[in-house]
Amino acid sequence: MFEKIFANLIDKKPLVQCITNFVTVNDCANIILACGGSPTMAHHKDEVEEIAACCQSLVLNMGTVSDIEAMILAGKKCNKLNIPVVIDPVGMGASELRNKTFNELSKNIHFSVIRGNISEIKRIATGKGSTTGVDANEMDKITENNIYEVAHMAKELSKKMDSIVVISGPIDVVSDKTTAYIIRNGHPIMSRITGSGCMSTALLGAFCGANKDNMLEASAAAVAAMGVCGELAQKKMKIAEGGTMTFRMFLIDYISIMTSEMINKEINIETI
Amino acid sequence: MFEKIFANLIDKKPLVQCITNFVTVNDCANIILACGGSPTMAHHKDEVEEIAACCQSLVLNMGTVSDIEAMILAGKKCNKLNIPVVIDPVGMGASELRNKTFNELSKNIHFSVIRGNISEIKRIATGKGSTTGVDANEMDKITENNIYEVAHMAKELSKKMDSIVVISGPIDVVSDKTTAYIIRNGHPIMSRITGSGCMSTALLGAFCGANKDNMLEASAAAVAAMGVCGELAQKKMKIAEGGTMTFRMFLIDYISIMTSEMINKEINIETI
Amino acid sequence: MFEKIFANLIDKKPLVQCITNFVTVNDCANIILACGGSPTMAHHKDEVEEIAACCQSLVLNMGTVSDIEAMILAGKKCNKLNIPVVIDPVGMGASELRNKTFNELSKNIHFSVIRGNISEIKRIATGKGSTTGVDANEMDKITENNIYEVAHMAKELSKKMDSIVVISGPIDVVSDKTTAYIIRNGHPIMSRITGSGCMSTALLGAFCGANKDNMLEASAAAVAAMGVCGELAQKKMKIAEGGTMTFRMFLIDYISIMTSEMINKEINIETI
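Protein chains in written order, with our numbering: chain A, 1 to 272; chain B, 1 to 272; chain C, 1 to 272.
The hints are simulated quantities; they were obtained by calculation from the structure and are not laboratory data. In this text the structure is predicted, and so the values were computed from the model without any measurement. Built from N, CA and C at the ideal position, the CB exists for glycine as well. Treat the hints with care, as some may be off.
To be verified - Keeping only pairs whose Cα atoms sit at most 20 Å apart, straight-line, the calculated EDC-like set for lysine to aspartate or glutamate is:
{"no.": "1", "chain 1": "C", "residue 1": "LYS80", "chain 2": "C", "residue 2": "GLU96"}
{"no.": "2", "chain 1": "C", "residue 1": "LYS235", "chain 2": "B", "residue 2": "GLU241"}
{"no.": "3", "chain 1": "B", "residue 1": "LYS100", "chain 2": "C", "residue 2": "GLU50"}
As the list claims (entries may be wrong) - Looking from chain C toward chain B, a few residues come up when the C-beta cut is under 7 Å (computed):
{"no.": "4", "residue": "VAL25"}
{"no.": "5", "residue": "ASN30"}
{"no.": "6", "residue": "MET41"}
{"no.": "7", "residue": "GLU49"}
What the hints assert, rightly or not - Beyond 10 Å from chain C on every Cβ pair, some chain B residues (computed):
{"no.": "8", "residue": "ASP11"}
{"no.": "9", "residue": "LYS212"}
{"no.": "10", "residue": "THR271"}
I would like the entire structure built from these sequences, with the hints used as guidance.
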């Protein structure tokens, strides 16, 4: 699967605008370039609309809760021009400021895709729950025991927000209103580098930007790519007797050389 | 030594809030993750108190002299909640703005640990001397000839500020009011990457956050870890025929796989 | 050639102040350190003049169109003190804001060196043309068919701006009013990492800072160094079966161990 999705990514070389946090901005730019896209991290409110109008997608990342005015301007512009908007509600539930900010964004912008960890998504879906720092709460953790419940929540939230919902974790979920993909790839070491989540969101931006007419499958492909490349990178890191930074390098390396065949060979995906 | 310190780090997985500069923020987040902690780089003044209240430690880094208001809010909150605050007075003495900023911070916040290079610490201790850029002045350089004098200065400053004082350089000093550790580890190549100092401070945050009741030993352990991993990384880099970026990767790699045994095997520490 | 240029770089260890974007700031600091310089990324308007006065060069990078006031203050100070100023007009032509910003900067500051891709430079030279994102337009691409025309434009712009003009692309041009170097080094993979351009500009800052009396040759050396190290890094990456991040690491690695002999062995340079 995903042959067409990957082919479009290479053909269209989507320009992806990211208004994102300064912690992982370099990783996000590099992973977009690695997968075949072209990033622009323009975030000044006086130019984001003009830049957004040339892009194939827009990625908004709440990581440092800044540039909110620019996000709204760019998001509205993209909505008007039918350009996909992907949001990463980093730390949703960790502070009142973040909750308010997400509400403000969602009141003004329609999101094509929402990607977060289980605690962040739960908070959006239920208005309850909290996160500490940027990781999901331990008690929220996705396991084989609750995965179908989680997928159900994703579908419901998809209906409510009219967005594709992506939940990252030990098991990943990619869902629209009727179909959910459950993807069992990736490796725990991914949570030991900063930016795994942000990079996933950036990839979603590139994949959806190049596949505007098939964003559910494009989102599943992006999530699968991240998971499979994470597994391959972890194996290569082990052989190299490296640690977390070697892992990060190999992860983006694999994204830069991946093909749909490579992903399909390792993918573990279930449709419900 | 340090067995308990390392065990606490793994057990407690301390959440470390960093209000830091945008130059090395990614390295700082990654080294905190590598050593077993969990970083949050939240720095918006409207949320830092709320986030700080959930953390095990707070790291303040003056690198780009920004977010000072947020630093004061977060620092005061941590002081009230008895959460350790670690400060890195980057470039102290390099501009009037930095001198003023440090004074402003130190008037409002009690620091558990102050870490800087010899020029920065000297400036704090004496109100005199200057730095150019972010490196220590050549004439201040720590050598075997002045190391006991430097350690004495650290003790005196510790008394004055009621803080543990860490001085980084060719020889490192970790001191409270009565005891100073002199640590002869590390490698000159550490000064050929950006962020060596900032990463040391981030490590101090994680180690102290997990070892609130024994911060002097925790600080010595963090400094020793950085030094020993620096030596190991330099050796591995040489074998790989790499350069400064390979070195940086291996440095954080080693932090991600280190054990107290590994550090103890290579540590060169003197107590005075 | 370039023996004296490289010797000066090592001898003088130039302090380079960068007021730059947050996307590639870490890469820029690291490449300056790698080549033998010392970076300071101070960008607060209340200290940039004081810091600039201690520096050997100033690098201004318009990547995220921020800190313009600080850029003007630092630039004017450097002009007064005869310290070289290097400008990277990132995304020139991509938005009205960027065009205005460059005009504002160039009205207030004399640049020793202007470095951009062909679309950015064309826009400055002609006031026409546009860029999408941060890459040069396909139709502007430098080839063997238009390279002498491009070099001519560089010379003309050099006369107009009284600056050395550096145009980066598949073929690079380094020109003053009378002499243009055409450099055929580098590798296409350099455009698949973020920061290739910004790092080139940072290198120019270090090379010119250490060679104030011979900035044309220093600029050619910096561009050749980037190109040759890019080729070497690509070859090493291929052997390691890596991807774009391995490439980036090896690129800066080579900058950290390069010598004039290494560069001269691989350089492909033409003078017109």
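Each hint tested on the structure:
With a C-alpha separation of about 29 Å, the suggested pair C:LYS80 and C:GLU96 falls outside the 20 Å cut-off, and the hint is violated. Between C:LYS235 and B:GLU241 the CA atoms are separated by roughly 14 Å; this keeps the pair inside 20 Å, and the hint holds. With a CA separation close to 14 Å, the supplied pair B:LYS100 and C:GLU50 stays within the 20 Å bound. For the restraint placing C:VAL25 at the interface with chain B, the shortest Cβ-Cβ distance is roughly 5 Å, inside the 7 Å limit, so the hint holds.
Annotation: C:ASN30 was flagged as interfacial toward chain B, and the flag holds, the nearest CB pair being 5 Å apart, inside 7 Å. Hint status for C:MET41 relative to chain B: holds, with the closest Cβ pair at about 5 Å, below 7 Å. Given hint, C:GLU49 at the interface with chain B, is violated; its Cβ is 9 Å from that chain's nearest Cβ, farther than 7 Å. At roughly 32 Å from the closest C-beta of chain C, the C-beta of B:ASP11 stays outside 10 Å, upholding its exclusion from the interface.
No Cβ of chain C comes within 10 Å of the Cβ of B:LYS212; the nearest lies about 31 Å off, and the non-interface call holds. Every Cβ of chain C is farther than 10 Å from the Cβ of B:THR271; the closest lies at roughly 33 Å, confirming the non-interface assignment.
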